[in-house]
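*Asks:* What follows is each chain in one-letter form.
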Amino acid sequence: MYAGPISRLIGELSKLPGIGQRTAQRLAFHILRADDDDALALAEAIREVKEKVGLCEVCFNLSEGPRCRICEDERRDRSLICVVEEPADVIPIERTGEYRGVYHVLGGALSPIDGIDPEDLKIAELLERVDSGVSEVVLATNPTTTGEATALHIAASLRDRAGANGAVTVTRLASGLPVGADLEHADEVTLGKALAGRRALG
Amino acid sequence: MPGSIKTQAVVLRSIRYGEADRIVHLYSATRGRIGAIAKGSRRPKSRFGGRLEPFFRLNLVLYEGRGELLTVTGASTVAGHARLRADGGALMAAGRACDSMLRLFDDGEPNQPAYNLLCNYLSLLDADPAAASEPGAALAFRLKLALAAGFSPELGSCTRCGEAEHLSAFSGSAGGVVCSACEGDGFPMTEQAHRFMVEALARPLAEAPEAPGRVAALSDRAVTETLEHHAHVHLRAVA
Numbered sequence: 001m002y003a004g005p006i007s008r009l010i011g012e013l014s015k016l017p018g019i020g021q022r023t024a025q026r027l028a029f030h031i032l033r034a035d036d037d038d039a040l041a042l043a044e045a046i047r048e049v050k051e052k053v054g055l056c057e058v059c060f061n062l063s064e065g066p067r068c069r070i071c072e073d074e075r076r077d078r079s080l081i082c083v084v085e086e087p088a089d090v091i092p093i094e095r096t097g098e099y100r101g102v103y104h105v106l107g108g109a110l111s112p113i114d115g116i117d118p119e120d121l122k123i124a125e126l127l128e129r130v131d132s133g134v135s136e137v138v139l140a141t142n143p144t145t146t147g148e149a150t151a152l153h154i155a156a157s158l159r160d161r162a163g164a165n166g167a168v169t170v171t172r173l174a175s176g177l178p179v180g181a182d183l184e185h186a187d188e189v190t191l192g193k194a195l196a197g198r199r200a201l202g
Numbered sequence: 001m002p003g004s005i006k007t008q009a010v011v012l013r014s015i016r017y018g019e020a021d022r023i024v025h026l027y028s029a030t031r032g033r034i035g036a037i038a039k040g041s042r043r044p045k046s047r048f049g050g051r052l053e054p055f056f057r058l059n060l061v062l063y064e065g066r067g068e069l070l071t072v073t074g075a076s077t078v079a080g081h082a083r084l085r086a087d088g089g090a091l092m093a094a095g096r097a098c099d100s101m102l103r104l105f106d107d108g109e110p111n112q113p114a115y116n117l118l119c120n121y122l123s124l125l126d127a128d129p130a131a132a133s134e135p136g137a138a139l140a141f142r143l144k145l146a147l148a149a150g151f152s153p154e155l156g157s158c159t160r161c162g163e164a165e166h167l168s169a170f171s172g173s174a175g176g177v178v179c180s181a182c183e184g185d186g187f188p189m190t191e192q193a194h195r196f197m198v199e200a201l202a203r204p205l206a207e208a209p210e211a212p213g214r215v216a217a218l219s220d221r222a223v224t225e226t227l228e229h230h231a232h233v234h235l236r237a238v239a
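Chains A and B, in that order, are what the protein sequence lines are. Numbering-wise (this note's numbering), the first sequence opens with residue 1 and increments by one. Numbering-wise (this note's numbering), the second sequence opens with residue 1 and increments by one.
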């Protein structure tokens, strides 16, 4: 229906997550109408990100060089590792301003249904890092079924190695009610965890 | 015809979709396998909370429009299975059970015995996570599920000639045990593994017999090969 280059652009855009054929058409026509500078800047940004961004050799976070900004920061506490599923999960933890340790990005979560086994994640690399003077591992995988299964698997693996390498404290992010939420809408598992983890006031 | 339906279902699978939505695969007592979208369910203040995670048993209100997916408009918990979620082995066993349901049953095929069996197994995993995730219970679930789906292996006599003695092998293509004369493409089956499968089918799930190493491996292979040949589905190994 459209000239070759337009059809190709629509085809490529429609491969993006959450973008259907209609949205892809709308975006393609927006790009066609845009200034040359703006459209080419988008193309250049995509090219640059694919050429320059890779994974940090230490923590597997996204990085422009061999090591990411966090692993290169001398002020970070290297005895504390926070384990997350994806690079995007580092950002919300950084935004809290509460965490001064380093990270380890697993690259997903265990999911037997999808065929994702421990060997498909960066778990062996995490265990190697823990052997070199780490005192605490914070498991910050998502509080989903796959995230919980991943956290339990890592905790068990660390426990198994503890004998040889001394005790490493393994902690899990607390589960509970979001600020501003209603008790009425809380599910029973979350509310149960919130009750079990209640703290004394004052 | 567009409209709301109420049904009880177990969440088999939950997939992130878009910015804050979720697509859930459900197995309902009255409607069989259902695909539904839950809009905004990943927002921290969503009224669904964590209820749309796998293994929750829910009373649901769903809106059925013209599309393939229904829309979740209400959910209340029947069973959340909190203890199951704190045990790695139980989580894996429950995941395999839900995966089996997804693969064995098609959309819109309600199967009340299969639904009851899944609910029963999830309850057992919640009550005693360590025991219920042992291979014996997991294989008993799978055998009973194959029975509910109509693919139960023949264990009483040779599947090919009807001989009741000398049942020394199992053939997935024949769909059951075979005698020494009909062995063909079958694999050797020990008496213990044969007895385990018979007892696992006969006893309630809560009283499933134990399946030590080789017994579990042979029984697992027997069920897996039967389902591969006759239901055309491949399930992940239990043992």
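To be clear, the hints were calculated from the coordinates, so they are not data collected in a lab. Think of the CB as a built atom: it goes at the ideal place given N, C-alpha and C, for glycine as much as any other residue. Keep in mind that the hints are not guaranteed to be accurate.
DSS-like mimics (lysine-lysine), calculated; alpha carbons at most 25 Å apart, straight line [to be verified]:
1. Lys6(B) / Lys39(B)
2. Lys45(B) / Lys6(B)
3. Lys15(A) / Lys45(B)
4. Lys45(B) / Lys193(A)
5. Lys15(A) / Lys50(A)
6. Lys122(A) / Lys193(A)
If you want the ones that stay clear, here's a sample from chain A, every Cβ over 10 Å from chain B, calculated [said to hold, decoys possible]:
7. Met1
8. Phe29
9. Asp36
10. Ala43
11. Glu44
12. Ile113
13. Ala156
14. Ala167
15. Pro178
16. Arg199
Pair ranges (Cβ atoms, derived) [to be verified]:
17. Gly180(A) / Thr77(B): 18 to 24 Å
18. Glu163(B) / Gly107(A): 50 to 56 Å
19. Ala86(B) / Asp160(A): 14 to 20 Å
20. Ala181(B) / Gly192(A): 41 to 47 Å
*Asks:* Give a verdict on every hint.
*Replies:* Here is what the structure says about each hint:
This hinted pair checks out: Lys6(B) and Lys39(B) have alpha carbons roughly 18 Å apart, not beyond 25 Å. Taking the CA atoms of Lys45(B) and Lys6(B), the gap is about 24 Å. The hint holds against a cut of 25 Å. Taken as a hint, the Lys15(A) and Lys45(B) pair is broken in the structure, with Cα atoms around 31 Å apart against an allowance of 25 Å. Taking the CA atoms of Lys45(B) and Lys193(A), the gap is near 17 Å; set against the 25 Å cutoff, the hint holds.
Straight-line distance between C-alpha atoms of Lys15(A) and Lys50(A) comes to about 16 Å, which keeps the hinted pair within the 25 Å bound. Between Lys122(A) and Lys193(A) the alpha-carbon distance is near 28 Å, which puts this suggested pair outside the 25 Å criterion. Every CB of chain B is more than 10 Å from the CB of Met1(A) (nearest about 25 Å), matching its label as outside the interface. A cut-off of 10 Å between C-beta atoms confirms that Phe29(A) is not in contact with chain B; the least separation is 22 Å.
Non-interface status of Asp36(A) relative to chain B is upheld: no Cβ of that chain comes within 10 Å, the nearest being about 31 Å off. Here Ala43(A) stays apart from chain B, with its beta-carbon at least about 25 Å from theirs, past the 10 Å limit. At the 10 Å boundary, the C-beta of Glu44(A) stays outside the reach of chain B, the nearest C-beta of that chain being 26 Å off. Listed as outside the interface, Ile113(A) is inconsistent with that label: its C-beta sits roughly 5 Å from the nearest C-beta of chain B, within the 10 Å cut-off.
For Ala156(A), the requirement that its beta carbon stay farther than 10 Å from each beta carbon of chain B is not met, with the minimum near 6 Å. Residue placement check: Ala167(A) keeps its beta carbon more than 10 Å from all beta carbons of chain B (closest about 20 Å). A beta-carbon of chain B comes within 10 Å of the beta-carbon of Pro178(A); the shortest separation is about 4 Å. Annotated as non-interface, Arg199(A) keeps its C-beta farther than 10 Å from every C-beta of chain B; the closest such distance is 20 Å.
Checked against the hint of 18 to 24 Å, the pair Gly180(A) and Thr77(B) passes, with Cβ atoms roughly 22 Å apart. In this structure the supplied range 50 to 56 Å holds for Glu163(B) paired with Gly107(A), their Cβ-Cβ distance being about 54 Å. Here the CB-CB span from Ala86(B) to Asp160(A) is close to 18 Å, well matched to the stated 14 to 20 Å. The hinted window of 41 to 47 Å between Ala181(B) and Gly192(A) is violated, with their beta carbons roughly 58 Å apart.
The structure shown violates the earlier hints numbered 3, 6, 12, 13, 15 and 20.
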